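**Q** One letter stands for each residue in the lines below.
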Amino acid sequence: MIGNEETHDVERLLPPPIKRIVVDEQLQPTIVQPPVADPVAATGPSAGAVRAGARAHRRGTPGPERMTLDGLSVSYGTKRAVNEVSLPIRQGEVLALIGPSGCGKTTLLRTLNRLTELTPTARREGRILLDGQDVDELEVTALRRRVSMVFQQPNPFPMSIFDNVAYALREQAMKRPGKAAVEPQVIDALRRAGLYDEVKDDLSRPALRLSGGQQQRLCIARALAVRPEVLLMDEPCSALDPRSTAVIEELIQELRSELAIVIVTHNLQQAYRVGDHVAFMYLGDLVEYGRTEQVFAAPRAQRTRDYVGGAFG
Amino acid sequence: MLQRLRKPWPDQRAERTLGALASVVLVLIVLMIVFVASKAMPAFQHNGLSFFGSGGDVDRQIDAMVNTGAKPAPGDYTIGAWPLIYATLLTTALAVVGGLAFALLAAVFIVEFAPPSLRRVVVPVVRLLAAVPSVIYGLIGILVLVPLVNDHLISSGRKQSVQYVISLTGTGLLVAVVILVVMITPIMIAIIVDALYAVPKGWREGALALGVNRWRAMWTVSVRAARPAIIAAVVLACARALGEAIMLSMVSGSKGFAPNPIDGLTFIFEPLRPLAATIVEDADSINAPAMSATVYAFALLLLFSSLVLSLAGFLAKQPMKKYGIRV
Ligand SMILES: Nc1ncnc2c1ncn2[C@@H]1O[C@H](COP(=O)(O)OP(=O)(O)OP(=O)(O)O)[C@@H](O)[C@H]1O
Ligand SMILES: [Mg+2]
Numbered sequence: 001m002i003g004n005e006e007t008h009d010v011e012r013l014l015p016p017p018i019k020r021i022v023v024d025e026q027l028q029p030t031i032v033q034p035p036v037a038d039p040v041a042a043t044g045p046s047a048g049a050v051r052a053g054a055r056a057h058r059r060g061t062p063g064p065e066r067m068t069l070d071g072l073s074v075s076y077g078t079k080r081a082v083n084e085v086s087l088p089i090r091q092g093e094v095l096a097l098i099g100p101s102g103c104g105k106t107t108l109l110r111t112l113n114r115l116t117e118l119t120p121t122a123r124r125e126g127r128i129l130l131d132g133q134d135v136d137e138l139e140v141t142a143l144r145r146r147v148s149m150v151f152q153q154p155n156p157f158p159m160s161i162f163d164n165v166a167y168a169l170r171e172q173a174m175k176r177p178g179k180a181a182v183e184p185q186v187i188d189a190l191r192r193a194g195l196y197d198e199v200k201d202d203l204s205r206p207a208l209r210l211s212g213g214q215q216q217r218l219c220i221a222r223a224l225a226v227r228p229e230v231l232l233m234d235e236p237c238s239a240l241d242p243r244s245t246a247v248i249e250e251l252i253q254e255l256r257s258e259l260a261i262v263i264v265t266h267n268l269q270q271a272y273r274v275g276d277h278v279a280f281m282y283l284g285d286l287v288e289y290g291r292t293e294q295v296f297a298a299p300r301a302q303r304t305r306d307y308v309g310g311a312f313g
Numbered sequence: 001m002l003q004r005l006r007k008p009w010p011d012q013r014a015e016r017t018l019g020a021l022a023s024v025v026l027v028l029i030v031l032m033i034v035f036v037a038s039k040a041m042p043a044f045q046h047n048g049l050s051f052f053g054s055g056g057d058v059d060r061q062i063d064a065m066v067n068t069g070a071k072p073a074p075g076d077y078t079i080g081a082w083p084l085i086y087a088t089l090l091t092t093a094l095a096v097v098g099g100l101a102f103a104l105l106a107a108v109f110i111v112e113f114a115p116p117s118l119r120r121v122v123v124p125v126v127r128l129l130a131a132v133p134s135v136i137y138g139l140i141g142i143l144v145l146v147p148l149v150n151d152h153l154i155s156s157g158r159k160q161s162v163q164y165v166i167s168l169t170g171t172g173l174l175v176a177v178v179i180l181v182v183m184i185t186p187i188m189i190a191i192i193v194d195a196l197y198a199v200p201k202g203w204r205e206g207a208l209a210l211g212v213n214r215w216r217a218m219w220t221v222s223v224r225a226a227r228p229a230i231i232a233a234v235v236l237a238c239a240r241a242l243g244e245a246i247m248l249s250m251v252s253g254s255k256g257f258a259p260n261p262i263d264g265l266t267f268i269f270e271p272l273r274p275l276a277a278t279i280v281e282d283a284d285s286i287n288a289p290a291m292s293a294t295v296y297a298f299a300l301l302l303l304f305s306s307l308v309l310s311l312a313g314f315l316a317k318q319p320m321k322k323y324g325i326r327v
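Sequence lines, in order, name chains A and B.
Each residue of the first sequence is one higher than the one before, starting from 1 at the first, in our numbering.
Each residue of the second sequence is one higher than the one before, starting from 1 at the first, in our numbering.
Quick caveat, the hints were computed from the structure, so don't treat them as lab data.
Nothing here was measured: the structure is a model prediction, and the numbers come from that model.
One or more hints might be untrue.
[Unchecked claim] List of simulated lysine-lysine pairs, DSBU-like, C-alpha gap at most 35 Å:
1) B:Lys255 / A:Lys179
2) B:Lys317 / A:Lys200
3) A:Lys200 / B:Lys322
4) A:Lys175 / B:Lys317
5) A:Lys200 / B:Lys201
6) B:Lys71 / A:Lys179
7) B:Lys71 / B:Lys159
8) A:Lys79 / B:Lys201
9) B:Lys317 / B:Lys71
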């Protein structure tokens with residue numbers, strides 16, 4: 001929801017116009033922007049100078065642990081895509097997953113709600129706990145309702161906006177509920193995804209006629225409708241323009257209080273803006289995990305320094 | 001000439017050439033309809049609407065036409081073709097409904113649940129089955145199914161109970177529909193399987209990621225998105241069933257009789273003969289003008305129904321366009 005009084009917020013989140021090409025270890029050029037338009041931050045990445053504006057919402061104390069990855073490995077056939085990763089995912093926080101292309105971010109994310117099981121060659125080792133319970137002991141459909149996912153490419157179903165958001169609600173019910181029965185939940189989900197004001201005139205419009213950014217927010221609304229506890233987002237903004245990206249980032253800020261969010265991103269500025277914690281992966285290994293400020297300002301590992309250093313140095 | 005074809009064509013020239021070809025095809029179709037309609041005219045003129053009715057024994061009426069002269073009297077055209085029309089509709093509808101149910105389940109199984117090793121075998125086999133000439137199915141029907149039905153399914157009591165009306169010999173509605181189903185189902189499976197594979201992966205994953213199980217995700221998202229292809233499959237299957245002549249002529253019993261559902265179980269054993277089978281069987285006695293006009297009238301009915309089918313399929317797909325399903 002972008003009220004007028006919040007417009008300056010959006011602008012602050014918009015990337016500044018300066019762009020540089022940084023080459024990471026795998027020689028993949030990544031377009032990055034300095035994190036803040038603020039000249040102080042642009043001159044040096046000291047922890048003190050880095051904060052102000054966008055990260056002011058940060059909480060001091062970590063929330064309770066929602067999910068725990070314990071020695072998680074995933075292989076496709078003989079190829080190991082994720083190697084012994086252990087991580088906490090906390091309630092009320094955003095975990096940003098960064099790393100060069102092909103390092104296993106998507107694989108890790110899809111393992112959390114057991115979507116990797118759809119790939120016949122994929123094999124998983126290690127444990128994933130949701131509220132202390134092993135996810136393998138849960139019914140897979142129940143798990144996926146609690147740990148929902150938003151994909152890189154917006155994928156609204158070829159139905160109306162309303163039917164998209166109502167889809168999971170209807171599928172969940174024993175007896176298919178009528179339009180009136182699910183309407184409050186649909187509207188609530190659209191509100192929470194910040195889409196309601198833009199589409200309220202006609203919810204029967206085909207979802208695929210929305211803009212890319214609106215489609216992605218519709219997918220977020222669709223995921224939120226069943227009230228998940230954890231929201232996984234795989235590069236949710238990579239197909240979007242800066243303005244839609246800003247809207248979604250703001251949405252993430254608003255949602256963080258009610259859910260645990262894991263977001264994969266190639267955009268280091270985005271990781272910096274939205275993440276409470278950052279995990280840096282490299283060739284399947286978890287190289288560094290820590291509070292965002294610490295990972296960006298004073299990374300422990302050389303690899304992390306090389307990867308994030310380009311963005312801020 | 002060949003060299004000119006190999007060179008890149010300017011878009012305009014390609015457009016004009018293809019447009020011209022399409023127009024030629026269209027003109028040919030129109031000419032064909034006009035030709036068949038004009039030939040069929042006397043049959044409709046002399047019978048009026050009772051052509052579509054059920055007056056008298058249609059087989060006797062057709063036999064009588066064979067012996068009419070070169071200048072037929074109006075009475076020579078008399079026919080009530082309802083039993084043949086009804087047989088066409090009945091066999092087509094039963095076969096397509098049964099075949100569609102089976103094809104949908106089979107396609108869903110192949111795409112979603114079959115182990116890859118089984119899938120690699122089944123899909124080519126289905127395609128092969130779709131290409132088997134219908135006369136082979138007819139042969140299997142008459143050599144295997146008909147004796148089976150005659151010996152084991154129809155009791156002699158049942159035969160006696162209707163012996164003064166019709167003789168039950170195993171050929172009839174049941175065998176005709178079963179073989180039609182076998183004939184049209186592989187095509188429908190092949191089309192629906194392709195369409196299900198073409199459904200964007202993101203839709204299916206999106207549904208699964210919302211905690212919907214594979215079976216429901218399949219029906220509510222993939223099959224829904226594949227509806228245009230399902231409609232196309234139904235249209236094609238209907239067309240094939242409507243136009244099937246040889247096989248039905250072999251196993252339908254070839255009687256101008258209208259099986260009656262109120263006969264209970266006997267209904268499914270009763271013989272019949274659809275329009276297309278009637279056309280092949282009577283094509284050699286077409287020298288008599290009355291006969292010729294009648295056969296052309298049957299042909300016009302078939303032609304007309306395939307046009308109606310295509311149109312119905314087209315119209316049925318229109319509402320789906322709105323939501324972004326590829327039609
Ligand atoms: N279905 C699959 N079958 C085999 N290998 C796969 C499959 N999916 C991914 N991989 C491999 O696993 C590794 C990790 O892939 P993954 O998609 O998780 O990377 P990623 O970090 O998300 O990359 P990107 O940033 O480009 O999206 C890659 O080397 C990839 O080739
Ligand atoms: Mg990825």
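**Q** Indicate, hint by hint, whether the structure satisfies it.
**A** A quick look at each hint next to the structure:
| no. | hint | in the structure |
| --- | --- | --- |
| 1 | B:Lys255 / A:Lys179 | violated, 53 Å |
| 2 | B:Lys317 / A:Lys200 | holds, 28 Å |
| 3 | A:Lys200 / B:Lys322 | holds, 19 Å |
| 4 | A:Lys175 / B:Lys317 | holds, 28 Å |
| 5 | A:Lys200 / B:Lys201 | holds, 29 Å |
| 6 | B:Lys71 / A:Lys179 | violated, 69 Å |
| 7 | B:Lys71 / B:Lys159 | violated, 43 Å |
| 8 | A:Lys79 / B:Lys201 | holds, 23 Å |
| 9 | B:Lys317 / B:Lys71 | violated, 48 Å |
When each numbered hint is compared with the structure, violations occur for hints 1, 6, 7, 9.
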